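Number of protein chains: 2
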Amino acid sequence: MYRSHTCGALRSEHIGNQITLSGWVQKVRDKGFMIWVDLRDRYGITQLIFDENRTPKDVFKAAQDLGREFVIKVEGTVIEREAKNPNLNTGDIEILVSNITVLNSSLTPPFTIENDTDGGDELRMKYRYLDIRRNPVKNNLIFRHKVSMEVRNYLSKADFIEIETPYLIKSTPEGARDFVVPSRMNEGQFYALPQSPQTFKQLLMVGGMDKYFQIVKCFRDEDLRADRQPEFTQIDCEMAFVEQEDILNIFEGLTRHLLQEINNVTVSEFPRMTYNEAMRTYGNDKPDIRFDMKFGELNQVAQHKDFNVFNQAELVVGIAVPGGSSYTRKEIDKLIDWVKRPQVGALGMVYVKYNEDGSFKSSVDKFYDQEDLKQWAQATNAKPGDLICILSGPADKTRGQLSALRMELAERLGLRKAEEFAPLWVVDFPLLEWDEETQRYHAMHHPFTSPKTEDIHLLETEPGKVRANAYDLVLNGNEIGGGSIRIFDKQLQATMFKHLGFTEEEAKAQFGFLMDAFQYGAPPHGGLAFGLDRLVAILGGQETIRDFIAFPKNNSGRDVMIDAPSSIDKEQLKELSIKLDL
Amino acid sequence: MYRSHTCGALRSEHIGNQITLSGWVQKVRDKGFMIWVDLRDRYGITQLIFDENRTPKDVFKAAQDLGREFVIKVEGTVIEREAKNPNLNTGDIEILVSNITVLNSSLTPPFTIENDTDGGDELRMKYRYLDIRRNPVKNNLIFRHKVSMEVRNYLSKADFIEIETPYLIKSTPEGARDFVVPSRMNEGQFYALPQSPQTFKQLLMVGGMDKYFQIVKCFRDEDLRADRQPEFTQIDCEMAFVEQEDILNIFEGLTRHLLQEINNVTVSEFPRMTYNEAMRTYGNDKPDIRFDMKFGELNQVAQHKDFNVFNQAELVVGIAVPGGSSYTRKEIDKLIDWVKRPQVGALGMVYVKYNEDGSFKSSVDKFYDQEDLKQWAQATNAKPGDLICILSGPADKTRGQLSALRMELAERLGLRKAEEFAPLWVVDFPLLEWDEETQRYHAMHHPFTSPKTEDIHLLETEPGKVRANAYDLVLNGNEIGGGSIRIFDKQLQATMFKHLGFTEEEAKAQFGFLMDAFQYGAPPHGGLAFGLDRLVAILGGQETIRDFIAFPKNNSGRDVMIDAPSSIDKEQLKELSIKLDL
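Protein chains in written order, with the UniProt record's numbering: chain P, 1 to 582; chain E, 1 to 582.
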């Protein structure tokens, strides 16, 4: 037997008990006549004591040879600790060791196994199995498990069935790039790994499964931006005989349940906002509404004066920065430099200090008087003591720039509080978006998203204006889920494919099975998918998904621990009927 | 709103209510003045009634045009049914329809959507979304979900953490063939899809996660035998600081819990049997012990007479077939033909009728007297009325043949009862097995399995005799799980690789990261994996896993519904730096 208790279990009520513990040596303090060892396992840390006077000689000697991360088993007696440690669950006791077995030795680890480690990112990735021993990573993985279990139990109780869809599917050209898998048994042919189980969940609805969910890996062979993984996990859901309202209600319920159970945070009804409103008010389709700083459009009050920069701009728009009127000239100049960085791309920034005494001081005092600036303050909802930051230019671009500034300032002002949760539904997304590169419209969500009935007539004339029955769930400025009511009419689906630039043949080759299925009584249906990695990170109060993935890949899509991908031998290639083409 | 209730919800207590239902038209009975429609959804069937006298004209007309599998929404009143149907939950009521909306029409389905369908296997696979509408398939998928949820909740309550391991990993040459995935970002290199998360779960143990599980897809590019799928699902588990006994207890607990919760069957402690005993007693390492028919070895009592066939055989072994003494000569001849089929491969069969009067009649009366045959009866535990079937030849081969006969006879005799459950642990598997093709030893379980300490000295001299700390959980003649205590000592692992024919370089290239990890304090650990597809099928009282998979592949690894795998275009190949080599 390796242990009678875990290293997190013993309390003062166990004093006098004979126990057995196993675990890792976290720390050794050797005072010569007395040796203390912190023994660690998943459940906690227990202090061991080896006393020259009370410990058998060979045991004491063995303790002298212990190193960090050795794996040991000890037998001993639970005794009261002299210097109690209130920060430790087991801090009232220690173990007077009578017997020790070294189960395994350890080289000195390449970084310290402490909450704050001295290891850099790459090193921690390479030795991920050591990194996982650290509390922050270990706790993240346990947290992720807890969230997954809550999701499953909640949906299962709501009559959803988890159904496993296949991983070896068919390559489709739409959207991001597929990972493909050559088939040995079907020479020259390839499976694809799913970017999502989208078509399968729709087929399950055609199959009458009514309420489906799955926590499932998805794959995208995209160039990796920061904090993207080539494989990622979705909570994928679909329902039949529902309207948008039904879906929003169910998944609002799920999210509220998670916030309650996981974070002990009670959230009332989620606000809703149209895509257009979100863009106008926050310059962003996933606004962080934990804080205000709403956009105020200033075209009416700022144009038609002598300031040409504004007069020529499609949009003049500002935000009020709480307490910003006290910024020094230097601080403001830095802010202007910040918005001019290529990543943001503004050409400049106009600012107005709304002084505590009610007066205004702006960078454009030459063109605007106090009355003008008061109107600006009203439009941006500024209060005395605020700083109004104003950008101008083409509408979409300028909104994006001001959104970036808004987020940056909120971050600096500490308004993005990890323990606060502000969920939001963004609805009525555009059906299509124009792609400059291919010079055609793409489905913003995916090609199965239904247009709003009242907008269908615009498909031919103003396709960019057609709104979709599509929605995103936004939490603290992150899109954590998105979905849509699907097209369930074969004819409308065919029309959509046409508008997306598919020939009839291409549509048939790629989605023929779905269109076939729609001939046999497809029910109205819709669904949603959550990004589990991101959801877990946000619930965990962090921004980086990598810390919530047991074995993440780096930005080149490599697993540096196992050194994958790697080359495979010629025989294997031959069997797969492929060769390299470098 | 598409529905106020599901099609399985309404009872006599709802009589008089105005309700809305949506679903599929299962059946239409048009009597001219009266039309009955069975409306189906996932939850059940509700009868609709359209009455020329009571139903609005246009609604009645619409009902006349309904076809099978049309999707409709109806509003109406719950009324008492005249001819009640006790076989239906909703059989006491019907809906007098006042309004109907045809949500979608349907072509006539290619097979009937009934419990017993007229569709063949390939047709059902091609239109799997229609097959799923049928109760047997639908219920199997719901059953699978229920089993998965029970597994997760049980293990989670037992402190196991579900941790997602990566799908894009590194190709290893050991065992069955890997599916590989060319990497676009790492030219000329490939990921592999995991055959199991074996090394990752061991790394999680090194990482101190202590108790891990995962319900996870695994992939094997093997030639598909009947009822094998290229992608399959495992319940994968691993524990640290455990001995074999701990693992058997935990997973015996899980299995017992499933049998109780899912099948309402209470099972006492699982019997255990060594591999050698299973082979000697049942000729099989996964014996079905729902019935007896144990092997009786007859060498001692049947050899050294004048019957040369037996005298020259390494093994003479028989089983007693309950009630078999009444078989006619013709029936027995057929049995002999059956064992001579190439799939079984026996050269012949000797039989002894143990007559009800206590006398014996055998096919070898020329060589053996009644006293001899009585001894045979004792050895095979035969009773008056039984038939003893005896095979002889090389020991291993003969055992396999007699095992096949035993299973066949049990099937014919109805002894393999789907509602009976006989679990069994088979332990002490051999560590290595000789492979004729490669002329070397292979790991029977996998290269990380630990040998029994007391057998290690045999590794050099009689490797085939070394027993492993490896175990299988057998249920009703099927291996549903298997595992082992792992090697956690780097030196022993290196020795094992050597015995498995790996050069040091090969071992380093393939498993270097695991051996590296073992240098940093690997704890003793072990685990087990269940085959979920098979487990679910057996708990569901069926033998075919395909019926418990939403979208299975056929025997050529093809998904005939979506037509995958398929060819991909040249541009895609070029991006992946590969070309076809047909």
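Hints listed in this document are in silico derivations from the structure and should not be mistaken for laboratory results.
All figures in this text were calculated on a predicted structure; none of them were measured in a lab.
Treat each hint with caution, since some may be false.
Identical chains share a label here; the pair holds if one copy fits it or two copies do between them.
As the list claims (entries may be wrong) - When the alpha-carbon atoms are kept at most 20 Å apart in a straight line, the in silico DMTMM-like pairs for lysine to aspartate or glutamate are as follows:
no.	residue 1	residue 2
1	574	285
2	73	243
3	73	246
4	217	231
5	570	187
6	157	261
7	366	575
8	73	489
9	138	65
10	570	581
11	397	504
12	570	75
13	84	396
14	61	428
15	417	65
16	579	187
17	305	365
18	570	277
19	340	479
20	579	121
21	157	92
22	574	223
23	570	506
Given a CA cutoff of 20 Å, do residue 570 and residue 75 count as a within-copy pair, a between-copy pair, both, or neither? Neither. Shortest intra-copy (54 Å) and inter-copy (66 Å) distances fail the 20 Å Cα cut-off.
Are the CA atoms of residue 366 and residue 575 at most 20 Å apart within a copy, between copies, both, or neither? Neither: 77 Å inside a chain and 57 Å across chains, both beyond 20 Å.
Reference check for the pair residue 157 and residue 261, CA-CA at most 20 Å: within, between, both, or neither? both (15 Å within a copy, 16 Å between copies)
Give the relationship of residue 305 and residue 365 under a CA distance limit of 20 Å: within one copy only, between copies only, both, or neither. within (12 Å within a copy, 122 Å between copies)
Is it within, between, both or neither when you check residue 570 against residue 277 at 20 Å Cα-Cα? Answer is neither: 57 Å inside a copy and 43 Å across each miss the 20 Å cutoff.
For residue 397 and residue 504, with the copy left unspecified, which applies at a CA distance of at most 20 Å: within, between, both, or neither? Answer is neither: 36 Å inside a copy and 59 Å across each miss the 20 Å cutoff.
For residue 574 vs residue 285, is the C-alpha pair at or below 20 Å within one copy, between two copies, both, or neither? neither (48 Å within a copy, 36 Å between copies)
20 Å Cα cut-off: does residue 138 pair with residue 65 within a copy, between copies, both or neither? neither (28 Å within a copy, 62 Å between copies)
First find the shortest C-alpha distance between residue 570 and residue 581 inside one copy, then the shortest across copies, and answer within, between, both or neither for a cut-off of 20 Å. both (13 Å within a copy, 12 Å between copies)
Checking residue 217 and residue 231: alpha-carbon separation at most 20 Å within a copy, between copies, both or neither? both (6 Å within a copy, 14 Å between copies)
For residue 73 vs residue 246, is the C-alpha pair at or below 20 Å within one copy, between two copies, both, or neither? Between copies only: 17 Å across chains, 55 Å inside a chain, cut-off 20 Å.
Treating 20 Å as the Cα threshold, decide for residue 61 and residue 428: within, between, both or neither. neither (72 Å within a copy, 37 Å between copies)
Hints 1, 7, 9, 11, 12, 13, 14, 15, 18, 19, 20, 21 from the earlier list are contradicted by this structure; the remaining hints agree with it.
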